[in-house]
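Those protein sequences? They're chains A and B, same order as listed. For the first sequence, position 15 (counting from the first letter as 1) is numbered 124 according to the numbering used here, and the numbering increases by one without interruption. For the second sequence, position 158 (counting from the first letter as 1) is numbered 267 according to the numbering used here, and the numbering increases by one without interruption.
Any given hint might turn out to be false.
Copies of the same chain are indistinguishable here, so a pair counts whether it falls within one copy or spans any two.
Said to hold, decoys possible - With a straight-line cut-off of 27 Å between C-alpha atoms, the simulated BS3-like cross-links for lysine-lysine are:
#: 1; residue 1: K401; residue 2: K295
#: 2; residue 1: K312; residue 2: K401
#: 3; residue 1: K134; residue 2: K380
#: 4; residue 1: K345; residue 2: K377
#: 5; residue 1: K111; residue 2: K295
#: 6; residue 1: K245; residue 2: K345
#: 7; residue 1: K391; residue 2: K245
#: 8; residue 1: K230; residue 2: K392
#: 9; residue 1: K230; residue 2: K174
#: 10; residue 1: K380; residue 2: K345
#: 11; residue 1: K245; residue 2: K401
#: 12; residue 1: K245; residue 2: K230
#: 13; residue 1: K126; residue 2: K392
#: 14; residue 1: K377; residue 2: K174
#: 15; residue 1: K126; residue 2: K111
#: 16; residue 1: K345; residue 2: K227
#: 17; residue 1: K261; residue 2: K126
#: 18; residue 1: K377; residue 2: K230
#: 19; residue 1: K111; residue 2: K186
#: 20; residue 1: K401; residue 2: K292
#: 21; residue 1: K111; residue 2: K377
#: 22; residue 1: K126; residue 2: K380
#: 23; residue 1: K401; residue 2: K227
#: 24; residue 1: K401; residue 2: K126
#: 25; residue 1: K312; residue 2: K111
In short, the hints are calculated from the structure, not lab data.
There are 2 protein chains.
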Amino acid sequence: MKILVLSTGGTIGSAAKDGVMSPDKNAMALLVLLYESSFQDVAEFDCESVSDILSENVTEPFYEKLINRLLAVDAEKYDGVIVLHGTDTLAYTSSLAAMVCRSLPIPVSFVGANYPLKHPKSNAFINFRAAVEYLKAGGKGFFVPYENSDGKTYIHLATRLTEADFLHDDFHSLGDAVLAEFKDGKIIFSNDSRLPSQEELSKPLSGITDGEFELPGRVVLLKSYPGLDYSELHIKHDNVCAVLNITYHTGTASCADGDFGLPEFCDKCHKNGIDVYLAGLKKTDDIYETSKCIYEHGAEPIYSVSVPAAVSKLRAAYNSSLENIDTLISDDIYYETLPQEEK
Amino acid sequence: MKILVLSTGGTIGSAAKDGVMSPDKNAMALLVLLYESSFQDVAEFDCESVSDILSENVTEPFYEKLINRLLAVDAEKYDGVIVLHGTDTLAYTSSLAAMVCRSLPIPVSFVGANYPLKHPKSNAFINFRAAVEYLKAGGKGFFVPYENSDGKTYIHLATRLTEADFLHDDFHSLGDAVLAEFKDGKIIFSNDSRLPSQEELSKPLSGITDGEFELPGRVVLLKSYPGLDYSELHIKHDNVCAVLNITYHTGTASCADGDFGLPEFCDKCHKNGIDVYLAGLKKTDDIYETSKCIYEHGAEPIYSVSVPAAVSKLRAAYNSSLENIDTLISDDIYYETLPQEEK
Numbered sequence: 110m111k112i113l114v115l116s117t118g119g120t121i122g123s124a125a126k127d128g129v130m131s132p133d134k135n136a137m138a139l140l141v142l143l144y145e146s147s148f149q150d151v152a153e154f155d156c157e158s159v160s161d162i163l164s165e166n167v168t169e170p171f172y173e174k175l176i177n178r179l180l181a182v183d184a185e186k187y188d189g190v191i192v193l194h195g196t197d198t199l200a201y202t203s204s205l206a207a208m209v210c211r212s213l214p215i216p217v218s219f220v221g222a223n224y225p226l227k228h229p230k231s232n233a234f235i236n237f238r239a240a241v242e243y244l245k246a247g248g249k250g251f252f253v254p255y256e257n258s259d260g261k262t263y264i265h266l267a268t269r270l271t272e273a274d275f276l277h278d279d280f281h282s283l284g285d286a287v288l289a290e291f292k293d294g295k296i297i298f299s300n301d302s303r304l305p306s307q308e309e310l311s312k313p314l315s316g317i318t319d320g321e322f323e324l325p326g327r328v329v330l331l332k333s334y335p336g337l338d339y340s341e342l343h344i345k346h347d348n349v350c351a352v353l354n355i356t357y358h359t360g361t362a363s364c365a366d367g368d369f370g371l372p373e374f375c376d377k378c379h380k381n382g383i384d385v386y387l388a389g390l391k392k393t394d395d396i397y398e399t400s401k402c403i404y405e406h407g408a409e410p411i412y413s414v415s416v417p418a419a420v421s422k423l424r425a426a427y428n429s430s431l432e433n434i435d436t437l438i439s440d441d442i443y444y445e446t447l448p449q450e451e452k
Numbered sequence: 110m111k112i113l114v115l116s117t118g119g120t121i122g123s124a125a126k127d128g129v130m131s132p133d134k135n136a137m138a139l140l141v142l143l144y145e146s147s148f149q150d151v152a153e154f155d156c157e158s159v160s161d162i163l164s165e166n167v168t169e170p171f172y173e174k175l176i177n178r179l180l181a182v183d184a185e186k187y188d189g190v191i192v193l194h195g196t197d198t199l200a201y202t203s204s205l206a207a208m209v210c211r212s213l214p215i216p217v218s219f220v221g222a223n224y225p226l227k228h229p230k231s232n233a234f235i236n237f238r239a240a241v242e243y244l245k246a247g248g249k250g251f252f253v254p255y256e257n258s259d260g261k262t263y264i265h266l267a268t269r270l271t272e273a274d275f276l277h278d279d280f281h282s283l284g285d286a287v288l289a290e291f292k293d294g295k296i297i298f299s300n301d302s303r304l305p306s307q308e309e310l311s312k313p314l315s316g317i318t319d320g321e322f323e324l325p326g327r328v329v330l331l332k333s334y335p336g337l338d339y340s341e342l343h344i345k346h347d348n349v350c351a352v353l354n355i356t357y358h359t360g361t362a363s364c365a366d367g368d369f370g371l372p373e374f375c376d377k378c379h380k381n382g383i384d385v386y387l388a389g390l391k392k393t394d395d396i397y398e399t400s401k402c403i404y405e406h407g408a409e410p411i412y413s414v415s416v417p418a419a420v421s422k423l424r425a426a427y428n429s430s431l432e433n434i435d436t437l438i439s440d441d442i443y444y445e446t447l448p449q450e451e452k
């Protein structure tokens, strides 16, 4: 089994010095060396550095670089790819890469860590090992292995991951639907009906980009809170395609008068050719009068998708050179929508 | 026992018609009537309408109205107050009211619901009943009772509540530290050491405002995400006092160049007399080079406080007419900081 390891920086690619953590060029080699010395003859690794930043510093050019490297991977040569990445923006990167590179015929893993490898509490090694074991077990698709603070290691679908919580730094999948668990050195596939099957994941989907992938069309994310004054947002009309408003938990946002309401902001955006979407909500039988009003002003709900995946969905859709924007938004790009549970 | 019920609108004060939910003037009376007919001779209720809006439409004037009504409550006449409020912004309102009205010598509850009272799945009645039972059991402080989708009903401290999740519409306290559980018709106090004791909660704290409370000093909330262009935020210098940046889970934000980094934005804010704070983070031994850089540019972390309570903390501090801003920010205003767990 041959695996391509792409380092991008992050905690897993960092070292601590005098209480401050920063990227360290030897981190990837050390991790792979440690793995090879612990488990002989199971896998051969090719290592390559794509970037060298902490993941909180990720902006669009990073995505273009990583995604174009992934699209150029020789699928004949490798059985899988492991991308080493920081945890802060892991859910954004893993979901965008999965959507844009969905035509790649080999599995791709995104591996982060809570602490640098040498820290006694680091989960870098077990996360890396879980990625290799998932590949060895024949696991498919774009995935994220991560050991939480309770010692449980789950394999998440790359487009279902939510952002980690700040108290425990744990990762969860939307609705806790995971692809597999890594337990006692073994991968246990979940067969959760809310996820695509391994059979489905093994089939590459049609590409959404030809040639180099570029991200000129930007997406702006904002979160509803009481007193939000939308007039303080001066969206740049020349390159912003879409605004994504994180709603309150029932799917609403403010319809207060004027600049304190989303409806007027929607109207302004539309006049400037910018589309408005809603995330952080699910489809319900009854809706609030506020939701009704917001929909009437043209805001489009993206139901049952995590916030990072909703951002990535818009980025992928508006920058696709092959597929229709509306189709990519109304349908799943890469299994990002959690099927609604029966009532 | 005499209880003042203040209605503000919300789902608990709404009714559904043709699939659309909107505020209904009879909802509070119906709820109290239903309670009185179910449990005779336990409590006497005075009902009053303070507002009539869905809680997603809450802006500063609503807070001023509700808080001034609470500050004017006759504590000799009542044993407690129950505020009926929508769930969407419940964590923002309950935390702000607790902080600004912390000198009130009687307990105050904030009660919301997942559906209007008449809906078969509504938890309006059990939430209301849990509030009354907590008062009857001698419970103190500012609190929020809520039945989650698993059927468990917890009593949350008003400044520890986090926003509900959109999949299940469940409420949690920061670190799941709750004041009590309401189970089988009984209040079971938790005695969680991460919370103030009932003894502490029974003592009113010193007031932070004299006369009418006003909120002229605004707070702007924004969330870090990859590609955030800070130059798209045009903060109004005349009335915004503070910007609160929700960090990534490790406490970092982007330090990318220019407008894509928080440091330059901090500098701009400070030049205009606006302070910058960070929320959604905890104190750690080692910090990232990005955090170090952000701190050096004057952003102040608010550790281990929920995002809604951090917003309220800034609103209370910058609009206090009696207390020093720095003291209100560095110390707890109303027990909002979750004590750090031992390592």
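Violated hints, by number in ascending order, as checked against the structure: 1, 2, 3, 6, 7, 9, 11, 14, 15, 16, 17, 18, 20, 21 and 22
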